[in-house]
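Following the hints, position chain B against chain A.
As you go down the protein sequences, you meet chains A and B in turn.
At position 2 of the first sequence (counting the first as 1) the number is 2 in our numbering, and the numbers step up by one without a gap.
At position 40 of the second sequence (counting the first as 1) the number is 40 in our numbering, and the numbers step up by one without a gap.
What the hints contain is simulated information worked out from the structure, not anything from laboratory work.
Think of the CB as a built atom: it goes at the ideal place given N, C-alpha and C, for glycine as much as any other residue.
Hints should not be assumed to be uniformly reliable.
DEER-style ranges, computed between Cβ atoms [as the list claims (entries may be wrong)]:
1) A:A21 to B:A62: 44 to 50 Å
2) B:K119 to A:R70: 47 to 53 Å
3) B:D118 to A:A21: 46 to 52 Å
4) B:N97 to A:E162: 33 to 39 Å
5) A:R163 to B:G29: 50 to 56 Å
6) B:M27 to A:A28: 39 to 45 Å
7) A:T170 to B:P99: 20 to 26 Å
8) A:L101 to B:N30: 55 to 61 Å
9) A:A144 to B:G19: 50 to 56 Å
10) B:E102 to A:A63: 42 to 48 Å
11) B:P99 to A:R163: 33 to 39 Å
12) B:L127 to A:F176: 18 to 24 Å
13) B:D15 to A:A155: 45 to 51 Å
14) B:A62 to A:L50: 39 to 45 Å
Negatives, chain B to chain A, calculated, CB over 12 Å [stated by the list, open to error]:
15) K18
16) Q26
17) M27
18) G29
19) R90
20) R92
21) P116
22) K119
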Amino acid sequence: MVLAAPMLRSLIAAAAEQVIACAPELTALDQAIGDGDHGANMKRGFEAVLGKLDTIAAAPPGAAVKAVGRTLVMTVGGASGPLYGSFFIALGDALSAGKRLPEDLADIFASGVDAVSARGRSQAGEKTMLDVLVPVLDTLRAEAARPDLAARVRATATAAVERTVPMLATKGRAAFLGPRSIGHIDPGARSSCVLVHAICNTLEAHL
Amino acid sequence: MSDTVGIVIVSHSQDIAKGTADMVRQMVGNEVRVAFCGGNPDGGLGTNVPRIIDAIEAVWSAKGVAILVDLGGAETNSEMAVEMLPPERRGRVVVCNAPIVEGAVMAATEAAGGSPLDKVRAVAEELSAS
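Excised from the complex, chain A in its bound form (with noise of 0.2 Å):
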């Protein structure tokens, strides 16, 4: 597969489609153990990046993902920008140095997920975004030949969401709640497997 402009530009436009769609559920969830805003922020974030979708489709894979990761970055205005934004930037770069798809599929994402950790100094346990882009990167690396991988990847993430439940979150803002954070799915994890599926469902349909 190569990523040419038509699907990159139909990846980017699906994520950002189905994260604006989701805003009032990640708000709702945010309510619970944040500060409510992660819905309206990443709408703000994606709706910046649709508004630009056009030059950014037009650019290199690595530098238009980059540019998703920066637009992000500039426009969200909350932890979540960083996050979100370090990921796709690091994706990005990945692109740009020589990574290759589908056979580098794996350590492209597994770029994001280090950039997230590193940003976020956080690791998979601690009911986050993580809790996630840790699974569905186990998966991209031990099911990769299978034909049947995007599936499997969706597979991956809605469960992780659900194993957030009972997580106790010891980073972010659900932090400061201690053991009433235990009981709620994480926004974060919630977001991070609303852009998983969008992936998915774009590249399922491609194929």
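For chain B alone, coordinates are given in the frame of chain A:
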């Protein structure tokens, strides 16, 4: 006058950021340069990377800039803003692990005396030692 560390105050709230800067100016005086920003790009509560970058540039000094933040997102966005500076400036900006109001006053007091960035940061961060 340009020979003092600059102070940047980053809060989720424009009112808190401005109020903290007002306190610094009243308590420390005008010999230290202070910039502040608060609020997200829509004017609600949050922080905003482009405005943090502008604030750093507004008080830029060869001796560096110390940033005081409130809650987690302000810290994360400030670190991101530092990374987006030109490479030659990145190493001369620090985000202090200190309470925003007390940290800003202590950092500004130290900066006003002409102390280097490491010392300004250390004085602010002493407030966080338990």
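Hint check:
Taken as a hint, the range 44 to 50 Å holds for the pair A21 of chain A and A62 of chain B, whose Cβ atoms sit roughly 49 Å apart. Distance hint check for K119 of chain B and R70 of chain A: the Cβ-Cβ separation is about 34 Å, which falls outside the suggested range of 47 to 53 Å. Taking the beta carbon of each, D118 of chain B and A21 of chain A are about 48 Å apart, inside 46 to 52 Å as hinted. Here the CB-CB span from N97 of chain B to E162 of chain A is close to 35 Å, well matched to the stated 33 to 39 Å.
At roughly 54 Å, the beta carbons of R163 of chain A and G29 of chain B sit within the given window of 50 to 56 Å. As the Cβ distance of M27 of chain B to A28 of chain A is approximately 42 Å, the hint placing it in 39 to 45 Å holds. A beta carbon spacing of about 21 Å between T170 of chain A and P99 of chain B agrees with the range 20 to 26 Å that was offered as a hint. Distance hint check for L101 of chain A and N30 of chain B: the Cβ-Cβ separation is about 56 Å, which falls inside the suggested range of 55 to 61 Å.
As the Cβ distance of A144 of chain A to G19 of chain B is approximately 54 Å, the hint placing it in 50 to 56 Å holds. About 44 Å separates the C-beta atoms of E102 of chain B and A63 of chain A, a value consistent with the hinted range of 42 to 48 Å. A beta carbon spacing of about 35 Å between P99 of chain B and R163 of chain A agrees with the range 33 to 39 Å that was offered as a hint. Checked against the hint of 18 to 24 Å, the pair L127 of chain B and F176 of chain A passes, with Cβ atoms roughly 20 Å apart.
At roughly 46 Å, the beta carbons of D15 of chain B and A155 of chain A sit within the given window of 45 to 51 Å. At about 41 Å, the beta-carbon gap between A62 of chain B and L50 of chain A stays in the expected band of 39 to 45 Å. Under the 12 Å C-beta cut-off, the non-interface status given to K18 of chain B relative to chain A holds; the minimum distance is some 18 Å. In this structure Q26 of chain B is separated from chain A by more than 12 Å, as the shortest Cβ-Cβ distance comes to about 29 Å.
Look at M27 of chain B: its CB is around 29 Å from the nearest CB on chain A, clear of 12 Å, so calling it non-interface holds up. Every CB of chain A is more than 12 Å from the CB of G29 of chain B (nearest about 33 Å), matching its label as outside the interface. The claim that R90 of chain B is not at the interface with chain A holds, since no C-beta of that chain comes within 12 Å of its own (minimum 15 Å). Distance check for R92 of chain B against chain A: the nearest CB is about 20 Å away, which clears 12 Å, and the non-interface claim stands.
No Cβ of chain A approaches the Cβ of P116 of chain B within 12 Å, the least distance being about 26 Å, so the stated non-interface status holds. Every CB of chain A lies more than 12 Å from the CB of K119 of chain B, the least distance being 25 Å, so the non-interface label holds.
Violation of the numbered hints given earlier is confined to hint 2; every other hint is satisfied by the structure.
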